[in-house]
Structures are given as C-alpha cells and as structure tokens.
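Engineer: Listed here are the chains, written in short residue letters.
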Amino acid sequence: MQKGIIASVALSAAMAVGLCAPARAEFPEKPVEMTILFGSTAQTIGQLLAELMSRHLPQPVVPVARTGAGGAVGYQHVHGTAPDGYNIVWNSNSISTVHHGGGLPFDYTAFAPVAKISVEVPAIAVRADSGWETLSDMAADIKSAGRKLKVGASGRGSFTHLATEAILAALDLSDSAIHVPYDQGRAPVELLAGRLDAALQWPGQFVSHHEAGTLRILCVTSAARISQLPDVPTCAESGAGEMDIVMWRGLAAPAGTPPEAIARLEEAARLAAESEEFRKAAQTIGFEVEFAGHEAFGELIARDDTIIADLMGQLGLTEQ
Amino acid sequence: MPPVPDAGERRKDLIAGSVLLVLALAWTAAVWLTVPVGHGVGPRAFPFWLGVGLAVLSALLLLKGLRGGHGLDPPGEGEGSAAAPPVSAGRRLALVATVCGIIAAYGVLMQKIGFLPATVLTVSATLVVALGERRPLVVGGMAFGIALGAWLAFGKLLGAYMPRGTWISLF
Amino acid sequence: MDLLLAAAQVALAPAALVAVMAGCLLGVVFGAIPGLTFTVAMALVVPMSFSMETAPAIGLLLGTYIGGMTGGSVSAILLGIPGTPSAAATVLDGYQLTRRGKASLALGTAVVASAFGGIVSLIIMVVSVDMVARLALRFGPAETFGLLVFGLSTICGLAQKSLVKGLIAGILGLMVMTIGIDEIEGAQRLTFGTVVLQQGVSLLVAMIALFAVPHVIDAFVQHYAGEQKPQEVADVRAELPTIRDILRDFWLMLRCALLGTGIGAIPGTGGPIAAFLAYAHARKSSKRPERFGKGEMAGVVAPETANNAVTGGAMIPLLSLGIPGDPATAILLSGLLIHGLIPGPMLFIQNPGEIYQIYIAIIVAYVAVVAIQLLGIRFFVQVLRVPAHLLAVAVIVMCAYGAFAIRNSVFDVVSVAVLGALAYGLMRVGIPLTPIILGLVLGPAIERDFRTAMILSEGDPSVFVASVPGAVFLGLAALVVGAQLLRSTRATLSDRRTEEKRRASVTPSE
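Chains as they are written, first to last, in my numbering: chain A, 1 to 320; chain B, 321 to 491; chain C, 492 to 1001.
Take these hints with a grain of salt, some might be off.
Claimed, not checked - Computed footprint of chain C on chain B, listed as stretches where at least three residues anywhere in the stretch have a Cβ under 8 Å from a Cβ of chain C: (1) 373–379; (2) 413–427; (3) 447–455; (4) 480–486.
What the hints assert, rightly or not - Partial chain C-side listing against chain B, Cβ under 8 Å, derived: (5) 535; (6) 656; (7) 658; (8) 669; (9) 715; (10) 891; (11) 904; (12) 912.
Hints listed in this document are in silico derivations from the structure and should not be mistaken for laboratory results.
Given the structure is predicted, the values throughout are model-derived calculations rather than measurements.
For each residue, glycine too, the CB sits at the ideal point set by N, CA and C.
So that you can see chain A by itself, here it is in the shape it has in the complex:
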C-alpha cells in the first residue's frame, strides 16, 4: 500500500512535469475545453470535431458535455469563463431559441464567433400509405377532410417546432394542426403506428424507414436539396413557397477573446471540417459540412437571431 502510494506520487509528478514542459509557446499552452450542449448526435459530432481539431493544435481540444435546459446551462458556463480562448462552446441556433424563450439572460452577443462548421436540415415525413407525395397534397387533403393534422416535433419553442410552425403557416394549416411534442427518437414510431399524421425531425431518424418504404420523406426545409437525400425535394418544391430553415452548428468563445486565439482555433476548425473523416461522418450521421470563417459566421448568427425572434414573437413563444 505504502509502496503503491509512493509509486503513484512519483508517477503523477512525472506526468505533471510532462504536461507542463512545452510552456511559453503561443496559444494554446494548455488544453482547450469545448463545451457540448446536447447529447446523442450533437455530442458525437462535437467529439469528432474536437478530436480532429486536436491534430492541428499543440494541445488537445477536450470535449466536455454540459447538457441541460436546451443548452442554457452550457452557454452560461462558457459565458462565465475567462475570455482567453481556452473555453469554447459547440453552439447552434439554440442560443437564439433559448434566449428569446426566456431561458438565458444574455444573447448571442455575449459570444465571439469562431467558425461555422455544419448545418443540419430538418425533414418532414409521413406514412408511405398516406397517399401524400407533396406538402400540397397533404394540405389539400387535410383542408377537404376538415380534420386536424397531427404533426410531431420536439417541445414548444424548440427548433423543430419553429420549423414546423413555419411550414404550417406557409401551407395555411396553422389553425388546423395539432403540434404533438415528442422527445427526439420517438417520432418515427408514432408515425408508423398511425398516431401521428406527419413528423418533422432530423432526417437521420427517417432515412432507414424511407428506404424501406414504410415512411416517405416529403421534403427538407433548406433552400437546396441535401447531399444525404438527393432525391428528396425541398419544401419549396413541395409546395411551401419560399423556405430556408436550417440549423447551423459552430464554435464560439466568450466575447472579448483575443483575435489571435480565435484565428488559431478557426484554422484548426477549418482543417478538421475539411478532413475526409469529417465528411464521411457527415454522410452517415446526416449533416452537411458547411464551413464559414468567424466574420461570415457572426453575420449569420445575427441574421438568424432576428428571424428566430420574429418567428417566436408571432407564435407567442417569446418571454415578455
């Protein structure tokens, strides 16, 4: 026992020295913490990104999950850290939905954008035997039948809910639809079992059923078709008029982080995002790699924030 302790003291001391050795280099001198806000695929993508970024930095990027409250917990943590580049957040449009929903006292301006990495595009699916080939079919059918459309999406105020409401508004179905909130994974089951008429979720959940011919993905909500589903039309093509709703993911640091640190992280993120491995993961997990530097990313965040604020305001989801 005693020997074990001495040995472990010696070992840890050696390790500590080893860690501190390459001191006084340029940023980063110590590991960078990447706060991850959500579980499952968002976490997996973030972990992969962190690993790939670590290859292009002298210090590792460590993914740390701080989930809960729709991302508010993680945003608050990073917001509270020193703006030195050692704390970054794997963020998304959730900064806007959470802030305008009243979950966070600060908005996107509390963070300095580093880089946009990817986008995810929600898809709307129905049962294959519904007879609906397009959104217009669905809308016409519902209107003529005079019944309500039961459509599944995540809880009120979530991104998929906002996208759902936007589509319903475009189809003039807002008053003849019931939003059924589902925690992510269950939407396909409820569709298959016939308890829902339609569901809007990330396409990964529908792909296998779509290929098997039990569900049909009507459309994706982006302006252009997505690489994972080249044969699926956009919602605009499917009858919903102008529509471009995508969820971006990217990296941000607390506002006031030195530009050198941001540039360094941005470069590592670019190399990671453009790597073959990341592209392959995008195909299987189901997201689009769409890199953008910190300036373009900043503009995108600001633009999206006003759109989301408007939409939430119209739906009565904003905190007064």
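Assemble the complex: chain A is given as a structure, and chains B and C must be docked to it using the hints.
Structural biologist: Chains B and C in isolation, oriented as in the chain A frame:
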C-alpha cells in the same frame, strides 16, 4: 419492541407531518404563482396536483400523530428509539450539517482549484474535523492516496474529464 | 450460415475480443461507481471508437453498455448504494445479504442472473425481432402511461410499514422531477429565474443523495457512538453460488428475463422500471414473501435478471426501428452511425453481417462480464475490511465526483448535499426511501406520456382505457392499490381492536 406505536413513533409522525405539510403548501403556492397554466394539461397541472396530494397525505400523517392522544410527552429522549445508537440529537444534526457541507464545499472547490488539490483538502479536512483523526500518516495517506488514485484511475486511465480549476490550475 | 461464419470470424478476431473485454471492464468499473454510469462511460468510449474498425468499435460500445448494466449491482450489494438507477431494487435485499455476511454469494448470484437475463433477451431478439418491434409499436403514450402507473403501484408493496408514508415518499420523488424546464411547453417550473435550476434534478444526483449521503452520515454517527461493527469485517470469504443455488430460481429468472425484454422493447421505459416490477413479482410469487427486504436471494436475482434483459429488449427498437429507448442506447446509436451502420429496417437487409457481429459481441460481452465479476469478487469484498468511517470518506469523494461527472456540473454536487440532508431527515422520521426512487424514475415519463396522450386524443381522457394494453395495466394498478388499501384499513382496524382489548385488560389491574 412494543406492539403499539410508541411515543417516539408518534412524535416522528408529528414532525414529519407538520414539516411536510408546510412544504406542500409552500410548493403548491409557488407552483400556482409562478408556473403558467399552458394549454390543455399544461405545465402547471402535475406539480400542482402533486403538491395537493402531498398536503393531503401529510395532513393524514399529522392526524395519525395527534390521534391515540396521550398528548405529546415523549418519555426521555424522543430520538432514542430502541435501535438508534446513543448519540445526542445535537451531535447528529451537527454531523448531518458537516457531511453535507463538506460535499457542497468539495463540489465548489473542485471547480475552483481543480480535482487533485480539492480532493486532498476535502479528505484531510473530513478526517481531522469531522472524524477527529489526528494521526498524520493516516490523514496524509488517505488524502493523497484517494486523490491520486481517483485522478489516475478516472482521469488518466479511463480518460474521464476532471475539473481543472478556474482560480488556479495545477494540472 | 456463411454469413454467420464470416461474422464470427470478424467478431471473434483478437482485436474485437480485446475491445469487448476492455469495454466490459470499463463498464463494470463505471457501473459500480454511483453517478458514473454506463451512459457516462459510453460517451467516453465513442471518441475512442472513431479510429477503430467497425467490429471492435461495436464490441467496445456494447461491452461498455453491458458491463455497466451489471456493474451497478456491485456497489448496491456491498455498500447499499446502487451504482445505476437500474440497480436500486437490488439494494433492498442485496445489502441485507452483505450485512448477513453473504456479500460474495450475492455478488456471484447477481452476475450469473445478469448474464442469464442478457442472454435470454438476446435469444428473444434474434428469434422475434420483428414481432416484438411490431408489438412495441402498439405502445403509444396512453399505453405506456398505463404501464408506468402499474410500475408506480408497486410502491404499495415497497411501503411495508405505512401506506401513507410510502405514498408520501412516492409523491416527493415525483415532485422533485418536475423542477426545471418543462420539455413539452418549454415553461420554467420552480426555477426562480435561475439558469442552474433549469436543468432540473438529475435522476442520478437524486439517487446518490438518497442512498450515499445517509450511508455516510450513518457511518460517521456510528463512529461517534464508538460502535465498531465487527460483523461487517467478519465474513469476507469469496463464496460463489453453486449451480444448484442458481437453478433453484430458474423459473423466476426466466419470467423476469421475459419481463425485462418486454419492458426494454418499449421506448421510454427502461431498466429501473423493469427491476422494480421484477422485484415486486418475485415477492408476490414467493412462498415466503415476509423474508423479502431482509436478505432474500430471490430479491437480488429478480431485479438483476430483469435489468439486464432490458439491454436485449432495448436493442430491438434500436436496431429494427432506429429508436433509442434511453440515453445509453442513444449514444450507442450515434456510435453505430459513425461507422456507417444506420439502425432501422434497412439494417437487416443492407448489413446482415454486422447484425450477426452485434449478436456475437453481446454473447462475448456477457461471457467477459461473468468472468470479470467472478474473478473480481474476491477483490470487491475486501472493501468490507476497510473501517466503515474511513470507507465513508472514500464514498464522499467517489459520489461527489460521480455527481459532478454526470453533466460536469458543480450544481449537481451541491444538489447531492442538499437533497442528501433532506433524505437523511426523511429517513429519521420513518419515510421509506425506495418509493422516492420509483417516483424519480417514473415521474418525467409518466407526466410526458400522460400529457402527450391527452394532446393526441384532443383532451379526451378515455384514450387511456381505449386500447387493450392501456386498460389492462391501469386495471392491474387499480387492483394492486385497492388490495393494499383494503389490507391496511383492515390492519388498522384490528390494531385498534387489539389496543382496546389490551386497554380493557390493563385497566382493572391499575
């Protein structure tokens, strides 16, 4: 063991019933005042009715404590039911406060000064303050042994995230 | 057949075997430590699996999942602190067995029961994946609500002394889980304008608070009382169960395995519910129900068989429908995705080879888990040699770090302290803690399914009895509660009668 609920048992029912009743009423009021009604069976329904349920049940418990009425005169120590070891209520309360205080402080320390120093501090403080351990070898051995062992096993071997410390960061 | 052989060749290659075993070992260690569950462990191994070939990656993930599920029983039996919520039911009799000096016997039986449950569920999965998946489809929110209420009704069985106190405990558990953001409408509930409270109380945090903190306080109190507990140190022989011991409970194990598989197949339920239902079932079907809660081996066998059967059950909707039933399977899902395996109906058509690899990996994992734990028992029980108060110090560190690691949040550690103090208080006034766990486990799901069902039915409550499963489960729950109410009223009445008689007989002599 007496076959009928003894005075200690009744006293416990009285304490539990009254504390929980107050809690239930405060909870229900807070829910009613701060949680929006929402649509249909909204966000308020469940917490509200749970609060009401707790109020009813704790009132029942209170009633049970009051009934059978030899008053509330516990002979001798109320805490001293047959199985409990002879530790005074004050000491017991102090121990509860110490243990819970230590855990909370440990959590905050971990974030502020990192896992290793926080663990060494917490373990030695617990041994010395809460358990009255004075042998330096035991205190030091336990403190460094647990801290290093956990750090090596979780942080290094298994690769779990260990808090690094925002005030000072040694490792 | 060729396909199976080819899959076996890949899945039994040295790299794959090592990966499964490493996963199992990691899972057992994480499972054994409260707070550090297989969910945390799996999140850790996913990045490790990025650079691996498909077969070892699958093996690593499955091994971690399965190891974690069985590891929870180790601390439940040894310390009375469940390593995972699924092992909460195991504490009831497992810890009592330890106190009677039968720790190693309980540990050995638990791991064999676990493996049995896991393998049976795997067989069911292989034979009837489509049928079970189709059956699971019938469980919508209304039907799941019925099942959960039935699960909740087992509180009545767990509250032996006083029904009122048991119900209070259950309600407290349900109440705690309503704090935070309401997922359905996004409303804040009792967060008092703070961000930290929005994340709500994690089930694991509450579990640590309920089991570990009172354990630590008790150890400290005992230390002050100067009461050394020699009986805990006395018997730490590594005594393993014989085949006969295990075969005695064979039919119980089989029933619990079926129960666990069925519950695992229904998304949104999971291990803890299966374990409690199995425990309740074991007691009901036992010839000596009065011995449950005092160290009855069947009280360990039943929940451990059932919670491991859940792993196979949960794989059914995951593989055939692409639906993760809980956070652990959600991580498994993204781990499979990264390697190009997209769970869902097409998986069986496009990747039949990988499906076989998964089956084989599960079998290997259970063999590895049994080996690891049986070999480990002699080391595990050494924990009991450590003086209780010093062990308690280590438990503080373990649980505080475990609580932190769930969401890397200090708030969770502080919550453990606060809830722990409350739990100790409740225990002192005679409120049982186990029903609280049941309330915590079932609370969020019950509310979500109830409200979703009401939204789907457009506010018509008859939806809950409109389908056969819903009506059956709600009926069963009503039956259980009704019977218990009847029994306890009768007990109170007869109590009063004996008391009156006693008084009548005492008065003249005074």
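Engineer: Take the hints in turn and mark each one as holding or not.
Structural biologist: Against the structure, the hints:
| no. | hint | verdict |
| --- | --- | --- |
| 1 | 373–379 | holds (count 4) |
| 2 | 413–427 | holds (count 12) |
| 3 | 447–455 | holds (count 3) |
| 4 | 480–486 | holds (count 3) |
| 5 | 535 | 6 Å, holds |
| 6 | 656 | 7 Å, holds |
| 7 | 658 | 6 Å, holds |
| 8 | 669 | 4 Å, holds |
| 9 | 715 | 5 Å, holds |
| 10 | 891 | 5 Å, holds |
| 11 | 904 | 3 Å, holds |
| 12 | 912 | 4 Å, holds |
Hint compliance for this structure: every hint is met.
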